[in-house]
Each structure stands twice: as C-alpha cells, then as structure tokens.
Amino acid sequence: MVDNGKELSYRLVPSTCVYCGTGCGVLLEVMDGRVTGTLPQKDHPVSWGALCVKGWAVHEFVHSERRLTAPLVRSGGELKETDWDTALAAVAEGLSRVAKEHGPDAVGFFASARCTNEENYLLQKLARAVVGTNNVDHCARL
Amino acid sequence: MSDLKDLVREKLKDGVDAFLCLKDEEGTLLPALITDADSPELELVEAGGARYPMGKILIDLLREYPGKRFAVLVRGCDERALVELSKLEQVDLDRLVMVGLACTAEEARACGCTRPYPSEIALGEKAEAAPGRETIEEVEALSEAERLRWWKEQFSRCIKCYGCRNVCPMCFCKDCALENPHLVEPGVIPPEFPSFHVIRALDMTGRCVDCGLCEEACPADIPLRSLYRKMQEIMEEKLGYRAGESPDEKSPLSFLGSEQDIEKLEREQ
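Protein chains in written order, with this note's numbering: chain A, 1 to 142; chain B, 143 to 411.
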C-alpha cells in the first residue's frame, strides 16, 4: 500500500455561529490542523440542522489573510498595528476627552451580537455607570 | 446481528486506516473519523439518530489523504451517493469499504425513499416503505398555471442560504452556476423565480440520489425533495436511469449525444 506519510487528522468541532445573536449550532470541520468547512449541527436545539448563508461560511474568516490579529490605531491619518495596552489607552483617552469637552451624551456605545450576553451587559454598564450616557445600541440594527 | 463497535474494530484491524461513522460527543451526534481499533472513542459510536453528508466528507478525505483507505457506515442513500460520485470521478471506491446500515421501518416511512437500505446490509433489518409522493400528487392535481403559482409561493420563502447546495453530497463543482452573477443576481432575496431553483434542479438530473438532506437543511421548509424526486421519475421514465443504482452504468447525461441518439433512446423506452 502506498502511504503518503501524512497522519490522518480530521474531526468536527461543535460550536456556535458567531455572526448574530441567534446562536445556531455549527460543526467546524478541522482537517490537518486547519478549519476547512462548516456543517450544520443536526440535533442542535436552536437551529435543528439549518443555517443561513453566513453560518454556512463561518469557517472562512478563521484563516483569512484579511483577518485582523492585532489592534490598529490611527496616527497621522494612517492605521498602525499596536499592542492592546496602547490601543485601550488611546480609546480611554479619546472617550474621556470627548465626554469632558462635550458632555457624556456626545459618546455612544455599540454592543455586538458577536459578544456574549455578559460582555454586552458590561458594555452598557460602562456606558451608563462610568461614562454617564444611555446612548447604547447594537449592531443588529445597523 | 453484529454491533457497530465490533464492525469498526474489525475493519480497522483488517487494514483500513480510518472508519467514518457517527459518534456521541457529550450529547451531540456528529460524524467522526475513528483511526484506532483500541480507541475509547469506539464506545461512543452510533449508527442512527442523524444523517450527515458522508459522501461529501469522503470526497475531501480521499483527496487530502491519497495513500489511505477508509471505511464508512452507509445507508441506502449514502451508498447511492458514493456510487454516483465514483462514476463522476469524485471518489475512488477501491480505497473505500462500505458497511451497510438498513434504515428502520419508521425511518423508511418518514423518509419515503425508494430503497432505504444499501446493497449489502451489515446492521439493521431491511424495511420497505411506500415512496413519498404526497407532494408530487398534490401538485400534479393542479393546472399548469396553478402549479407555477404553487412553486412560486414555496420559493418566495427562500433566503438564499445555499444550504441545499452546500449539504448536497452530489454538489462538488468548484465554480457553481448559482454564484455566477450573470445567472443569479447577487444580493437579491428571494432569488429570481424560477431561474435559481431551475438551475439547481437541472444540475440534479441524473445525479440526485434522493437522500433528502437538502430539504432537511432548508430553513424555509421548501419541498425541494419533491421537485428533485419528480426529476428523478422523469429521468427514469425517459432514459431508464436512476442515479447511484448500478455501479457500471453511467448517467446518459454524462455523454455528449446527437438529437438522433436521444430520439433513439426515447424510442427504446
């Protein structure tokens, strides 16, 4: 028997689609260490084996060359890669300055269906309790 | 009757490199590739409960691992898909051992395919059921104008998820006509009627094995299977061919023929 030497490596990993808040069940195909495809999870209590066009393509961004893997901060009109501490400091500085100069309602917070419930809770808490605004919205309305 | 666990172990010891079947992973039933006859995973293998496009998975596995031999647990529909895929040169049956599973009488009744069992049965007992023709009969009772309206109403629910194509074991083209902007206008939901669904239905002619995975994957409950089933019936009636049934006979649609050849074939029917 001819053997190409490559070890067999194929498995399906149950996961939840990250594209919106519905929470459809996906099985990510992992072959040879790379995420290569998506199948709908047939016995998932939310989606019962159906997906939308985004769910079917949910594996595509994982190894995409266009995927951001580090934060970018604009400086001198140009986006530059940086570390998280620098990026978060830039966000805090910008938000504090605008809130101080124009009042807290000059700031708005956009939550995301791609975050967990708890993360979204914390975001609105930051908006209301720390910054002092009720300007909270979410990406599903954009 | 033998147990699936024993069959998987036996095939792995007989020299296949991996066995593709379903396993229960913490309550989730999913396809799994078992490579070790002594693996604790053997305790988790399952025969039934959900159906996945095994043919589609095997196209990728056989291509990615050209030196390996595989075994797979097949129902009647999986076997038909693999046989037809072999004729279309997408899978190499010489590197594939099919282990047959007959659908239960209940499954066969609910599914309504004409052959709910593979050619050789290793697990389960052969059950026959009447072919599911209710929707076809309902539509055939209508006038042509009403039929068109009926299908238009069904397809108006399409959210263009491409799930019917994505899950289909017989859809393997790299360039799909359904993504060609000259044929299907991008960003339009529901897609243009009837072109989108006619493109797919025509591509299924002589190829659809009536596994019904498309209909199971449809979020809009469009009775796709009845459309393709009707195509299958026409194919059998006119050209005497059923996809996946006979390993040595290629689909008449895979030959280029003259009009005279086609007329001759029709006369012979």
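Derived by calculation from the structure, the hints in this document are not laboratory data.
The beta carbon of each residue, even a glycine, is placed where N, CA and C say it ideally should be.
Be careful, since some hints might not be right.
[Said to hold, decoys possible] Here are the in silico distance ranges between beta carbons for each label pair:
1) B:Glu280 / A:Ala129: 55 to 65 Å
2) A:Gln124 / B:Leu235: 53 to 63 Å
3) B:Arg289 / A:Ala70: 39 to 49 Å
4) A:Ala70 / B:Leu186: 38 to 48 Å
[Unchecked claim] Below are the DSBU-like pairs computed for lysine-lysine, each with C-alpha atoms no more than 35 Å apart in a straight line:
5) A:Lys54 / B:Lys372
6) A:Lys54 / A:Lys80
7) B:Lys316 / A:Lys54
8) B:Lys268 / B:Lys147
9) B:Lys268 / A:Lys54
10) B:Lys229 / A:Lys54
11) A:Lys54 / B:Lys155
12) B:Lys165 / B:Lys294
13) B:Lys210 / B:Lys294
14) A:Lys6 / B:Lys165
15) B:Lys210 / A:Lys6
16) A:Lys6 / B:Lys372
17) B:Lys147 / A:Lys6
18) B:Lys380 / A:Lys6
19) B:Lys294 / A:Lys6
20) B:Lys302 / A:Lys54
21) A:Lys54 / B:Lys294
22) A:Lys6 / B:Lys268
[Claimed, not checked] If the Cβ cut is set under 8 Å, some of the chain A residues that face chain B in the computed set are:
23) Pro45
24) Gly94
25) Gly108
* Asked: Which of the listed hints are broken here?
  -> Violated hints: 3, 9, 11, 12, 13, 16, 18, 19, 22, 23, 24 and 25; rest satisfied.
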